[in-house]
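> Just need the whole structure built from these sequences, with the hints factored in.
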Amino acid sequence: MKKTNTLSKSIFKGILILIIAASFYSCSEKDSKTLSMSGDEASKVYIEPGKYDEFYYFMSGGFSGQMSVYGIPSGRMLKVIPVFSVNPENGWGYTEESKPMLNTSYGFIPWDDAHHSELSQTDGVPDGRWVFINGNNTPRIARIDLKTFKTTEIIEIPNSSGNHSSPFTTPNTDYVVAGTRFSIPVENRDVPITSYKEEFKGALSFIKVDKTTGRMNIDYQIITPPYDYDLSHSGKGPSDGWFFFTCYNSEEANSLLEVNASQKDKDFILAINYKKVDEIVKGGAGKEMSTKYAHNIWNDETHSATSTMINTVKTLLPEDIKGAAYYIPCPKSPHGADVDPTGEYITAGGKLSTVIPVFAFSKITKAIAENKTDGEAGGIPILNYEACLSGEVKDPGLGPLHTEFDGKGFAYTSSFISSEVVKWNIETKQVVDRIPVYYSIGHLSIPGGDSKKPWGKYLIALNKMTKDRYLPTGPELTQSAQLIDISGDKMRILLDFPTIGEPHYAQGIPAELVTKDQIRIYKIEDNKNPHAIKSILDARVERNGSVVHVYFAATRSHFTPDNIEGVKLGDTVYFHMTNLEQDWDIPHGFAVMGNNNSEMLVMPGETCTLKWVPSRVGIMPMYCTDFCSALHQEMQGYIRVSAQGSDVPIKFSLGDEKKE
Amino acid sequence: MKKISRILIVVFSLALIGVFFVPIWDISLQAPQYPEGLGMKIWINKMSGDLDIINGLNHYIGMKTIHPESIKELTVMPYVIGFFIAAGIFVSVLNKPKFLLVWIVLFVIAGTVGLYDFYLWEYDYGHNLDPTAAIKVEGMNYQPPLIGSKNLLNFKAVSMPDIGSYIFFLTGLIFIYVYINEKKFFKKSL
Numbered sequence: 001m002k003k004t005n006t007l008s009k010s011i012f013k014g015i016l017i018l019i020i021a022a023s024f025y026s027c028s029e030k031d032s033k034t035l036s037m038s039g040d041e042a043s044k045v046y047i048e049p050g051k052y053d054e055f056y057y058f059m060s061g062g063f064s065g066q067m068s069v070y071g072i073p074s075g076r077m078l079k080v081i082p083v084f085s086v087n088p089e090n091g092w093g094y095t096e097e098s099k100p101m102l103n104t105s106y107g108f109i110p111w112d113d114a115h116h117s118e119l120s121q122t123d124g125v126p127d128g129r130w131v132f133i134n135g136n137n138t139p140r141i142a143r144i145d146l147k148t149f150k151t152t153e154i155i156e157i158p159n160s161s162g163n164h165s166s167p168f169t170t171p172n173t174d175y176v177v178a179g180t181r182f183s184i185p186v187e188n189r190d191v192p193i194t195s196y197k198e199e200f201k202g203a204l205s206f207i208k209v210d211k212t213t214g215r216m217n218i219d220y221q222i223i224t225p226p227y228d229y230d231l232s233h234s235g236k237g238p239s240d241g242w243f244f245f246t247c248y249n250s251e252e253a254n255s256l257l258e259v260n261a262s263q264k265d266k267d268f269i270l271a272i273n274y275k276k277v278d279e280i281v282k283g284g285a286g287k288e289m290s291t292k293y294a295h296n297i298w299n300d301e302t303h304s305a306t307s308t309m310i311n312t313v314k315t316l317l318p319e320d321i322k323g324a325a326y327y328i329p330c331p332k333s334p335h336g337a338d339v340d341p342t343g344e345y346i347t348a349g350g351k352l353s354t355v356i357p358v359f360a361f362s363k364i365t366k367a368i369a370e371n372k373t374d375g376e377a378g379g380i381p382i383l384n385y386e387a388c389l390s391g392e393v394k395d396p397g398l399g400p401l402h403t404e405f406d407g408k409g410f411a412y413t414s415s416f417i418s419s420e421v422v423k424w425n426i427e428t429k430q431v432v433d434r435i436p437v438y439y440s441i442g443h444l445s446i447p448g449g450d451s452k453k454p455w456g457k458y459l460i461a462l463n464k465m466t467k468d469r470y471l472p473t474g475p476e477l478t479q480s481a482q483l484i485d486i487s488g489d490k491m492r493i494l495l496d497f498p499t500i501g502e503p504h505y506a507q508g509i510p511a512e513l514v515t516k517d518q519i520r521i522y523k524i525e526d527n528k529n530p531h532a533i534k535s536i537l538d539a540r541v542e543r544n545g546s547v548v549h550v551y552f553a554a555t556r557s558h559f560t561p562d563n564i565e566g567v568k569l570g571d572t573v574y575f576h577m578t579n580l581e582q583d584w585d586i587p588h589g590f591a592v593m594g595n596n597n598s599e600m601l602v603m604p605g606e607t608c609t610l611k612w613v614p615s616r617v618g619i620m621p622m623y624c625t626d627f628c629s630a631l632h633q634e635m636q637g638y639i640r641v642s643a644q645g646s647d648v649p650i651k652f653s654l655g656d657e658k659k660e
Numbered sequence: 001m002k003k004i005s006r007i008l009i010v011v012f013s014l015a016l017i018g019v020f021f022v023p024i025w026d027i028s029l030q031a032p033q034y035p036e037g038l039g040m041k042i043w044i045n046k047m048s049g050d051l052d053i054i055n056g057l058n059h060y061i062g063m064k065t066i067h068p069e070s071i072k073e074l075t076v077m078p079y080v081i082g083f084f085i086a087a088g089i090f091v092s093v094l095n096k097p098k099f100l101l102v103w104i105v106l107f108v109i110a111g112t113v114g115l116y117d118f119y120l121w122e123y124d125y126g127h128n129l130d131p132t133a134a135i136k137v138e139g140m141n142y143q144p145p146l147i148g149s150k151n152l153l154n155f156k157a158v159s160m161p162d163i164g165s166y167i168f169f170l171t172g173l174i175f176i177y178v179y180i181n182e183k184k185f186f187k188k189s190l
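Taken in sequence, the protein lines are chains A and B.
Heads up: the first sequence begins at 1 in the working numbering, then just goes up one per residue.
Heads up: the second sequence begins at 1 in the working numbering, then just goes up one per residue.
Rather than coming from a laboratory, the hints here were simulated on the basis of the structure.
This one's a predicted model, so the numbers in the text were calculated from it and none came from an experiment.
All residues carry an ideal CB built from backbone N, CA and C; glycine is no exception.
There could be a bad hint or two in this list.
A partial selection of chain B residues facing chain A, derived with a Cβ cut-off under 10 Å [unchecked claim]:
hint	residue
1	Y34
2	E36
3	L38
4	G56
5	Y60
6	A134
7	I135
Mimicking DSS-like on lysine-lysine, the simulated pairs with C-alpha atoms at most 27 Å apart in a straight line are [stated by the list, open to error]:
hint	chain 1	residue 1	chain 2	residue 2
8	A	K275	A	K208
9	A	K490	A	K44
10	A	K79	A	K523
11	A	K534	B	K41
12	A	K211	A	K453
13	B	K156	A	K51
14	B	K98	B	K183
15	A	K275	A	K453
16	A	K332	A	K266
17	A	K523	B	K41
18	B	K41	A	K516
19	A	K523	B	K46
20	B	K98	A	K534
21	A	K523	B	K64
22	A	K467	A	K79
23	B	K64	A	K534
24	A	K208	A	K292
Structural data, given as structure tokens:
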């Protein structure tokens, strides 16, 4: 009896322990999804209908090749700006006018992998004029004009491959840079891959930006040892005039990099005194190398792009720029190269490192002056690690990647492996707060967080995985951004929202800096597109051999003309549509049945051209695709396609008026 | 007339020059789709504002397009104003309240005729609609109000005098005031 009693007691105890354990488990489960929620988060991100967000956020669209624009704090997506990828939604890359924007030395490429958005700066602070973004796969940098939110320039980067440490800018947007992530032979040629150490080189390109037009031109390329240049940032304040590039694979491996490029304890930050390089270049140094790269420019008045092929680039070797380039050892496989708002501290998250090194610019210059070097690499001196170091941040989480600053003396580092954001004091190097993010954060972003004056109110975690965060959508899930309030001592998650593509990086800016110069329509009197018509009286259809040009107008709610005859099989038809509206938010769209092409969306005052090669005889309807008015549905017309060699004359009309 | 009367007459005659530089009437159209506002301003010699957009919208209801160059009033009005400026100065020189009265009567007539003409113009635009218009609402006309507001389908049309009209009005009032003052002066001195 006694025995059973003890047994039942111990069974009871066991069950009790299980229940307690289970309740702990379920608590921690719950906590992981609602962690740090204190109740008033919703009101902090709620923007009343009709009211504006405080910040614009420009997010890289990752493998979508585009850039997305969000309002923060609400997390509402406002627009996807087509950049490197075709966009049938509005005709980017499909209209005759926009095709040249996607031209490269390899010909037309409909896609790229967009990585880092970078706002132009004046005096080290984002100014809201342009936002740059890099194409990683076929190296390019694009410039988006924030007056129109349109990609207005794309420049290809020769001798580069995997344009990753790009397009970071200098405090007055004198330069944007492009460091190669994959070293390749310079100039590229047929060599064995195993000749990597001898034949491959890492090119760092300095692209001059015109102060008023924003026009980019490659000023020079520095040809360095074949490391993988990952990220970069310019100096500011005391370090103004310098650029800092992180690199991994100082092992110079060409295969199984995940092992072979992870052997050394330290890789490097390459510090380049580009103002000194400028002087050296002005002194006549450098070699013009023959190459080939495309420079594509959009013109807002002709509403069309031109693509120019450039055949030469100035290159500099380490021996040309002696005293202007130094390697700083940096633990291990560093990613972000980040400079604090004062310009004194340079930090680099080593993906495989257990500490975050913080270098002091004053110590770097001292080490250079006192020649504290530990050998050299490819002709570039390697400075002594300790001599440059201000301190190390201990226990920064696993896989520290990227750091931004709040302007209040704190740095925030994303830790990919431990999936958290770690806040630390720049002076003391002490970790003061940490917050988990969901899941696997890459970059993070604070508005102005890489500038002289961060607007340190919010931080956005840009996460690679979402798993159970949203309603599932099959095997392919969205990636996400998480909004974190950093206005207080403790970080608080306020919101998370899905993103397009992979949000590698993002930059934010107070909205009024962007809205002040934005335009609402294109003025029709400024339209210099050679195919534009300024009045419906100029609408016409012209045959030139087997090419038919349709010069037509769109106004609410009809096309002028809307009946077209005389098109024959074997013809190529160009629809040159001018939207004659001068009213805000009245685009007209255009599509033709059976066209092996996209639609086009034409803004008020703009002219766009869509190509059509009819493939069968018959009546092909055309219509407006953008709901423009109460009679949008009536905004339609017909094109008669006749057999090859038929004698149907060109004829066009609107209503009862016929013209031949 | 008193010196101050003559000065006031000259000053306010010249004040009429001002109406060459400011609009005299303002018609604004309010609708949910136009948070940024939509409207037109009438000057003595031109029209400004969102005429093209208004014309574009009006075609749905079959309203004639507004072409300032075909509106005769805009050619005539500057001469009329010019006349009143010159006549005012003349009244001051002639120095007789009798002529001041004539000026006032003519001015009031001109103002009334002007408003009536404006009404007719609005009536014509609001009623003479294209019978093939896409949107036809039984019994509906689109005449904007002379002064005040009126709902025209999705738009609320608000028609109000603008600065130029206030200059007219003030000038008229001053002239009348001067005249009354002069009459009193005469009575006293008699």
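> Hints first: check each against the structure and report whether it holds.
A quick look at each hint next to the structure:
1. Contact between B:Y34 and chain A, as hinted, is supported at the beta carbon level, the nearest pair being about 9 Å apart and thus within 10 Å.
2. Taking 10 Å as the C-beta contact cut-off toward chain A, the hint placing B:E36 at the interface holds, the least distance being around 6 Å.
3. For B:L38, the interface hint holds, the least distance from its beta-carbon to any beta-carbon of chain A being 9 Å, beneath 10 Å.
4. The interface hint given for B:G56 is met, as the beta carbon of that residue sits about 6 Å from the closest beta carbon of chain A, less than 10 Å.
5. The interface hint given for B:Y60 holds, since its Cβ lies 7 Å from the closest Cβ of chain A, which is under the 10 Å cut-off.
6. Nearest Cβ of chain A to the Cβ of B:A134: about 6 Å, under the 10 Å cut. The hint holds.
7. Interface restraint check: B:I135 against chain A, minimum CB-CB distance 7 Å, threshold 10 Å, status holds.
8. Annotation: proposed proximity of A:K275 to A:K208 holds, straight-line Cα distance about 12 Å (limit 27 Å).
9. The straight-line distance between the Cα atoms of A:K490 and A:K44 is roughly 16 Å, inside the 27 Å bound, and the hint therefore holds.
10. A hinted pair counts as satisfied when its Cα atoms are at most 27 Å apart, and A:K79 with A:K523 qualifies at roughly 22 Å.
11. Distance hint between A:K534 and B:K41 is fulfilled; the C-alpha atoms sit about 25 Å from each other, no more than 27 Å.
12. Only pairs whose Cα atoms come within 27 Å are accepted, and A:K211 paired with A:K453 is accepted, the gap being roughly 21 Å.
13. Restraint check: the Cα-Cα separation between B:K156 and A:K51 comes to about 23 Å, which is no more than 27 Å; the hinted pair holds.
14. Taking the CA atoms of B:K98 and B:K183, the gap is about 10 Å. The hint holds against a cut of 27 Å.
15. Under the criterion of a C-alpha separation no larger than 27 Å, the hint pairing A:K275 with A:K453 is consistent with the structure, at around 23 Å.
16. A C-alpha spacing of about 5 Å is found between A:K332 and A:K266, which places the hinted pair at or below 27 Å, so the restraint holds.
17. Between A:K523 and B:K41 the alpha-carbon distance is near 21 Å, which keeps this suggested pair within the 27 Å criterion.
18. A distance of roughly 26 Å separates the Cα atoms of B:K41 and A:K516; the hinted pair therefore holds under the 27 Å criterion.
19. Simply put, A:K523 and B:K46 have alpha-carbon atoms about 21 Å apart, close enough for the 27 Å limit, and the pair holds.
20. Only pairs whose Cα atoms come within 27 Å are accepted, and B:K98 paired with A:K534 is rejected, the gap being roughly 57 Å.
21. A C-alpha spacing of about 24 Å is found between A:K523 and B:K64, which places the hinted pair at or below 27 Å, so the restraint holds.
22. Under the criterion of a C-alpha separation no larger than 27 Å, the hint pairing A:K467 with A:K79 is consistent with the structure, at around 25 Å.
23. Distance restraint check for B:K64 and A:K534: the Cα-Cα separation of roughly 21 Å lies within the 27 Å cut-off, and the hinted pair is therefore satisfied.
24. Distance check on the hinted pair: A:K208 and A:K292 sit about 18 Å apart at the alpha-carbon level, within 27 Å; holds.
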